[in-house]
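From first to last, the protein sequence lines are chains A and B.
So the first sequence is numbered by the working numbering: it starts at 122 and just counts up by one.
So the second sequence is numbered by the working numbering: it starts at 122 and just counts up by one.
There could be a bad hint or two in this list.
When chains are identical, the list treats them as one kind, so a pair holds in a single copy or across two.
Within a straight-line C-alpha distance of at most 30 Å, the following computed BS3-like cross-link-like pairs (lysine-lysine) qualify [claimed, not checked]:
#, residue 1, residue 2
1, LYS395, LYS238
2, LYS238, LYS418
3, LYS426, LYS200
4, LYS239, LYS418
5, LYS418, LYS124
6, LYS268, LYS418
7, LYS124, LYS200
8, LYS239, LYS395
9, LYS426, LYS239
10, LYS200, LYS395
11, LYS268, LYS426
12, LYS395, LYS364
13, LYS364, LYS200
14, LYS238, LYS426
No lab work stands behind these hints, which were simulated from the structure alone.
2 protein chains.
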Amino acid sequence: MNKPIGNTELFEPSFEDIAQAHERIKPYIHRTPILTSSYLNELTGAELFFKCENFQKVGAFKVRGATNAVFGLDNALAKQGVATHSSGNHAMALSYAASMRGIPCTVVMPNNAPEIKKAAVQGYGGFIVECLPSSNSREQALEMVVKQTGAEFVPPYNDLRVITGQATCARELIEDVPELDTIVAPIGGGGLTSGTVLTCNHLAPGIDVISAEPEQADDAYRSFQSNTLVTDDAPVTVADGLKVSLKEITWHFVSNYVTDVQTASEAEIIAAMKLTWQRMKLVIEASCAVPLAVILKNPDVYRGKRVGVIITGGNVDLDTLPWLTS
Amino acid sequence: MNKPIGNTELFEPSFEDIAQAHERIKPYIHRTPILTSSYLNELTGAELFFKCENFQKVGAFKVRGATNAVFGLDNALAKQGVATHSSGNHAMALSYAASMRGIPCTVVMPNNAPEIKKAAVQGYGGFIVECLPSSNSREQALEMVVKQTGAEFVPPYNDLRVITGQATCARELIEDVPELDTIVAPIGGGGLTSGTVLTCNHLAPGIDVISAEPEQADDAYRSFQSNTLVTDDAPVTVADGLKVSLKEITWHFVSNYVTDVQTASEAEIIAAMKLTWQRMKLVIEASCAVPLAVILKNPDVYRGKRVGVIITGGNVDLDTLPWLTS
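Okay, chain A solo, but in the shape it has when bound (with noise of 0.2 Å):
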């Protein structure tokens, strides 16, 4: 029997849930390459294995998730189509799964969200119903989406389907590089962490787990440190991926598996951005720079050590670079 999750009626996915999604999605997906940099390597003392999810897909990780939710439904119920509400990454990650399947994806988003960003979901074949920008709008608007539709609401992370979906990206990272010491990741809802931490779980559970936040959207470090779920009051930062808080599932995965989660402020964010695009010639966006911030900031804890470090994704306004413009 798995263990349960938290106060759900939930128990936590196995390594066979894994290996199933990971078989589920493989025609839909990349495995992406991972590359190295002896610069980075030199100035941080560490060997850091980047696994490159900017390649991936859509350009992000969060197409593993939404493929495996989307390819896991049953017929009667796949017809009827797929939902959620993002005005980000898995908005075109759904739309684009659902699109391989050949079924609809209503996608919710504020009426303020940039043109660019529904553009981005119409291009992958999505439709976009607009809301007023409020969590309560947001909601209703979905609601009514999936009892017209009877579309599947597929949420963004806290979802164990989501979830079992991004684990496959630990899978490849370990299978790829072996003997790896830790993972770092960033979060931001804790999707990515939740599905790092049962990989390494049932493949490698001697491997650390640390995930990397913006001081400015802390929400899981204030939950780690205080072991209570807080969550972010609209918080603003640059790497806007992770503003979302973690909800009741990811924050099971969270607080009894993560090793550690270390912040960085905004300028460290930033200039581990360009950093990597100087070096590693890697476009990044900032959620995915949390990572190496986090790493320069802490060498003490990564010096000698084989690091993993996922590159979330590389979908960025060339338009408005944070160097630039703050």
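Place chain B on chain A using the hints.
Just chain B now, kept in the frame of chain A:
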């Protein structure tokens, strides 16, 4: 007997020369990955294979030729060091190669070269000798360095050791991607193009080699059209790696073996550069966006073909991106 080169006393390198160069430089260079983009394939109707020399040591293919020249020197000559004039990737590449061999490298640079470029050369261990910003002063300074130190001059491109080193790039591409129809590479001084046609002549004579050039620095285009070597006079283009002109040795290879020279406007180059950053998540120089620009501009030439594209480098000033400043 290999073919003679123009009016020089030189002969075309053999395949054995290329293979030897490859063995010589392998410990010091990366075998760079080849990436693809389903989005760009759909957009162009071709199958594009991007050889990512932006991930190369020093961030550019130039390290191949420089390393071949440096490690090909006999011990007595090597001891006296190497020298060059360049404010671009060749200067960094030669400094890197020299430091790998533990010999001095002197780089003549105009006194108005950007601090960032001087720092880059020094970061790889090169010494800088400043000259006035004229080609006279540059040549005098270089001559003085060579006379005083006995250093071996390694030119940026008009040199068979350098060309033979650059030839290893196309060799890897051809080995890794079977049945290419065409290879497109940017052309400045013609070192990479010369190496590419040399490799194709030996390994895969059926492959068309197309040179991609900025309209605003189109000496290769005009030379190719008129079948006479013409040069540019201080051209201005965003593709700053391509401002230099063909010389006698590289003109031999271009005039005899290149299938076509195609040009792109500044706006087309910048658009292709931004598209590559957006869609492939790769930081590439404007110079290496010229191939994609000409592919997008001449769809009928490339549609249905398997096309290798050499991404020559990723050394970009992230503070002055051309789509933000122009």
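For each hint, the structure was consulted:
In this assembly of identical chains, the alpha carbons of LYS395 and LYS238 lie at most 30 Å apart whether taken from the same copy (23 Å) or from different copies (17 Å). Proximity of LYS238 and LYS418 under a CA criterion of 30 Å is satisfied inter-copy only: 27 Å between copies versus 33 Å inside one chain copy. Within a single copy, LYS426 and LYS200 get their C-alpha atoms no closer than 48 Å, and across copies no closer than 38 Å, so neither meets the 30 Å cut-off. Taking the closest pair of Cα atoms, LYS239 and LYS418 come within 30 Å of each other only across two copies (28 Å); inside a single copy the shortest separation is 36 Å, beyond that limit.
For the identical chains of this complex, LYS418 and LYS124 are neighbours neither inside a copy (35 Å) nor across copies (58 Å), given an alpha-carbon limit of 30 Å. Taking identical chains as interchangeable, the C-alpha atoms of LYS268 and LYS418 are never at most 30 Å apart, the minima being 48 Å within one chain and 48 Å between chains. For the homomeric pair LYS124 and LYS200, neither the shortest alpha-carbon distance inside one copy (32 Å) nor that between copies (67 Å) is at most 30 Å. Within a single copy, LYS239 and LYS395 get their C-alpha atoms as close as 27 Å, and across copies as close as 20 Å, so both meet the 30 Å cut-off.
For a Cα distance limit of 30 Å, the shortest separation of LYS426 from LYS239 qualifies neither inside one copy, at 42 Å, nor across copies, at 33 Å. In this assembly of identical chains, LYS200 and LYS395 lie within 30 Å of each other by CA distance neither inside one copy nor across copies; the values are 44 Å within and 38 Å between. Taking identical chains as interchangeable, the C-alpha atoms of LYS268 and LYS426 are never at most 30 Å apart, the minima being 51 Å within one chain and 48 Å between chains. Proximity of LYS395 and LYS364 under a CA criterion of 30 Å is satisfied in both settings, with 20 Å inside one chain copy and 27 Å between copies.
Taking the shortest Cα distances, LYS364 and LYS200 never come within 30 Å of each other, neither inside one copy (32 Å) nor across copies (57 Å). In the homo-oligomer, the alpha carbons of LYS238 and LYS426 never lie at most 30 Å apart, since the shortest distance is 38 Å inside one protomer and 33 Å across protomers.
Of the hints listed earlier, those the structure fails to meet are numbers 3, 5, 6, 7, 9, 10, 11, 13, 14, in rising order.
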